[in-house]
Amino acid sequence: MKSLSEKGVRRILMAVAFSAISALLLITLFIINEGVPFIFKYGVGNFLFSSDWHPQQMKFGIFPMITASLWVTFGAMLLGAPLGVAVALFLSEYVPRPIMRIIKPTIELLAAIPSVVYGFIGVIVLAPLIRNYLGGPGLSLLSGSIILGIMILPTVISISIDSILAVPQSYREGSLALGATTWQTINMVTVKASKSGIIASIILGLGRAIGETMAVIMVAGNSVNMPHSALDSVRTLTANIALEMSYATGLHRQALFATGVVLFVGIIILNSIASIALRKRMVKG
Amino acid sequence: MTTEKNKIEISGLDLYYGKFHALQSVSMPVQKNLITALIGPSGCGKSTLLRCLNRMNDLISGVKVTGKVLLDQSDIYSPTFEVTELRKRVGMVFQRPNPFPLSIYDNVVYGLKVAGMNNRKKMEEIAEKSLMGAWLWDNVKDKLHHSALELPLDQQQRLCVARLLAIEPEVILMDEPCSALDPIATMKIEELMLELKKNYTIVIVTHNMQQAARVSDFTGYMLLGKMIEFNVTKDIFTRPKEKLTEEYISGKYG
Ligand SMILES: Nc1ncnc2c1ncn2[C@@H]1O[C@H](COP(=O)(O)OP(=O)(O)OP(=O)(O)O)[C@@H](O)[C@H]1O
Ligand SMILES: [Mg+2]
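As given, the protein sequences belong to chains W and Y, one line each in that order.
In this text, residue positions in the first sequence follow my numbering: the first is 1, and each later residue adds one.
In this text, residue positions in the second sequence follow my numbering: the first is 1, and each later residue adds one.
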């Protein structure tokens, strides 16, 4: 009787897992099938490195969007990664543990806020600030970077804290007992011992930043031009797909799928670079 | 017990973990260039007392200390005494070897870097000298840049001694330094202690009465947070003054 239900449960779980995985595979195949032929028809170089995106005139160059995606993500990481790691170090090493245990779930809750809300705050608060004090349209590469940088904070902070807390207390004691200050201990031992987790948190943040769509559409301005400064309005790859997919047909539609393929490949490349860097450091440390 | 030679003098020391009175009016001298052992049943406060000497108890929240601990006649609990300075002068070897997850070399020069040294050549010299001092040089000289965590436990423990020697402390505190080691490794550490006492003052906590008898010059017997008897080691083990001490060393306690 028991073994029967045991087997039944296993079958059900297997079926669920199998259908989930095949759904993911199918989606991937579908995107590739729709997008890849277009890339070759239109020409890889033309598609990736031309700056003309005029679907009505059958011009599909996504270079400005690639540039925008890279810069927005880079800016977000520049802001979010150091800030997140610093907050994690502060909360886990300087703040008394009971207080930290209240603050950490609160920060994690921020990850559950829908991205529209972040975008809304960006439009209402951030964009006017940038427009009034720095110039430009306000809705810009800079505001996109800042909003994304803030959005990845919960991920970076929470996973970093977990890996910092996993550092054995005996390392800290050994360091302090040699006359090190708290900061020296953090800098010379704790960070090194939790490096892999900290880097993992940054990679996850990177994934979130590059794939985020809603908030970026709301705050980055969406004009299809090569950005010349951080104050220019930009459109990212994700935004491009989301904005035009609803009415695109024919070649235009295929071009958007191809944009998805580029995004897909880009994320894979960025993730592999990050995880290779991670593995190298782990071997060295 | 001439006070001249007392490296450390503990007097009327009380310690509370919150409400729990873990050390009760403990007094004890630690003489220069000798080995002082603390023995007693589990939970009697040996580690607690030892950790008072380099103020490691400061790290535990809710600890309150009153009384005096004098290091070369100055009170280490006075607000003007810099705790990082104290820990450079009074070093500690822990019960479980705790080398950092760094290379062997980086472990040894850790204390030097902490103290602000950045002269590579000098650090290499000191590292070699310290590893020799801890009798580890021959084991590790060809793999200084390997991870310290690859070493066997007893070598890890001697690495922890070496990284202390590098900063030339005046006092070395050892909290059951052999409890994670096998008998042969234990003997080696004991011999090392006898060698080290020429230049350092050592305080050791041990569960092992034979060990206290073998290596120490003075022994303090503790029970339930009190110092029951403190005397020359030979006297403690051959003619204890207190009945409680006698019961313990004759094996009536765990
Ligand atoms: N951080 C702490 N918080 C509260 N009580 C503690 C703490 N550390 C130790 N104690 C208590 O203080 C008493 C003395 O502990 P201590 O570790 O000094 O004993 P010990 O003699 O070293 O024992 P052992 O031989 O088992 O190492 C014990 O009753 C212990 O439960
Ligand atoms: Mg102990």
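Please note that the accuracy of each hint is not assured.
Said to hold, decoys possible - DSS-like, lysine-lysine: derived pairs with alpha carbons at most 25 Å apart:
| no. | chain 1 | residue 1 | chain 2 | residue 2 |
| --- | --- | --- | --- | --- |
| 1 | Y | 32 | Y | 19 |
| 2 | W | 195 | Y | 113 |
| 3 | W | 192 | Y | 188 |
| 4 | W | 195 | W | 104 |
| 5 | Y | 143 | Y | 122 |
| 6 | Y | 143 | W | 195 |
| 7 | Y | 129 | Y | 143 |
| 8 | Y | 122 | W | 104 |
| 9 | Y | 234 | W | 192 |
| 10 | Y | 188 | Y | 113 |
By construction, these hints were calculated from the structure, which means they are not laboratory data.
Source: prediction; values computed, not measured.
Each hint tested on the structure:
1. Y/32 with Y/19: violated, 34 Å
2. W/195 with Y/113: holds, 20 Å
3. W/192 with Y/188: violated, 32 Å
4. W/195 with W/104: holds, 20 Å
5. Y/143 with Y/122: The hint holds at about 19 Å.
6. Y/143 with W/195: The given pair, whose Cα atoms are some 23 Å apart, holds under the 25 Å limit.
7. Y/129 with Y/143: holds, 16 Å
8. Y/122 with W/104: violated, 44 Å
9. Y/234 with W/192: Outside the cut-off at roughly 47 Å; violated.
10. Y/188 with Y/113: violated, 29 Å
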